[in-house]
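Undergrad: Build the full structure now, drawing on both the sequences and the hints.
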Amino acid sequence: MDIRVQAAPFDFGAEAGAFAEGHTQAGAIVTFTGVVRGDDSLTRMEIEHYPGMTERALEKIAGQAMDRWALADCLVIHRHGPMVPGEAIMMVATAARHRADAFAAAEFLMDYLKSRAPFWKKEYREGAEDWVAAKDADEAALGRWDGD
Amino acid sequence: MIDVLYFAWVRERIGLPKERIETQAATVADLVEELKAREERYALAFSDLSALRVAVDQDLTDFDAPLAGAREVAFFPPMTGG
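Sequences listed follow chains G and Z, in order.
When we follow numbering that gives the first Met the number 0, the leftmost residue of the first sequence carries the number 0, and every step to the right adds one.
When we follow numbering that gives the first Met the number 0, the leftmost residue of the second sequence carries the number 0, and every step to the right adds one.
Treat the hints loosely; a few may be bogus.
[Said to hold, decoys possible] Label pairs and their calculated CB-CB ranges:
| no. | chain 1 | residue 1 | chain 2 | residue 2 | range |
| --- | --- | --- | --- | --- | --- |
| 1 | Z | A50 | G | Q5 | 27 to 35 Å |
| 2 | Z | E39 | G | T42 | 28 to 36 Å |
| 3 | Z | D61 | G | G62 | 19 to 27 Å |
[Unchecked claim] Residues of chain G placed beyond 10 Å of chain Z at every Cβ, according to the derived structure:
| no. | residue |
| --- | --- |
| 4 | I2 |
| 5 | R3 |
| 6 | A6 |
| 7 | P8 |
| 8 | H22 |
| 9 | T23 |
| 10 | A27 |
| 11 | G33 |
| 12 | R43 |
| 13 | W68 |
| 14 | E125 |
Because the hints were derived from the structure by calculation, they are not lab data.
Cβ atoms here follow ideal geometry from the backbone N, Cα and C, with glycine treated the same way.
TA: Below is the structure:
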């Protein structure tokens, strides 16, 4: 389990490659990366977080994924601070014997870190700045992991 | 004494990221009532608790959570990571 919370950009290709090379026995590697969406008027995004709690929350979420699926390992990198459209915000990677576990665990990590890890996005446009509102759908997405 | 932290628009509305408060509040909800009674900016920030989340000692919890022994309480809007 590798959890990194950082302001610095990361190289998605290099991270995905290194993760895969570290798990040559796994059989299945799934990666996801979230990128600042290019939208005509968005000039930049700032991500605030809660140092200390962020790491705790991500470790808890990743630990739950490791317990629930037959994973060899998982990686979570999440940035904070300023970034512009096209820049990677975060990535997850999972390694497992079989793809079903790797895909499910990656989706679980994404669903939980969207609404259970203390990050807040603020969008800057010409003459306006707005905190991104959490979506009901993001909260509802957690429901599918209950009870099975 | 307890450290109270604010994030995102809660921080902006209250005008500071962190403060140390002397309180006898038994629960988070009691602490919120004490803060609201202080000044208009607190009353405004805490006007709709359904729009807020709370963590005690860096674990998400509810507004009826007890504060006995707590060192740190944080208030913030629903999270938007990912």
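Undergrad: Hints first: check each against the structure and report whether it holds.
TA: Verification of the supplied hints:
1. A50(Z) / Q5(G): 27 to 35 Å: Holds, at about 29 Å.
2. E39(Z) / T42(G): 28 to 36 Å: 32 Å, holds
3. D61(Z) / G62(G): 19 to 27 Å: Hint holds: Cβ distance 22 Å, inside 19 to 27 Å.
4. I2: 13 Å, holds
5. R3: 14 Å, holds
6. A6: The assertion about A6(G) holds, with a minimum of 15 Å to chain Z.
7. P8: Holds, since 17 Å exceeds 10 Å.
8. H22: 23 Å, holds
9. T23: 29 Å, holds
10. A27: 22 Å, holds
11. G33: 5 Å, violated
12. R43: 16 Å, holds
13. W68: Holds, because the least Cβ-Cβ distance between W68(G) and chain Z comes to about 19 Å, which exceeds 10 Å.
14. E125: 20 Å, holds
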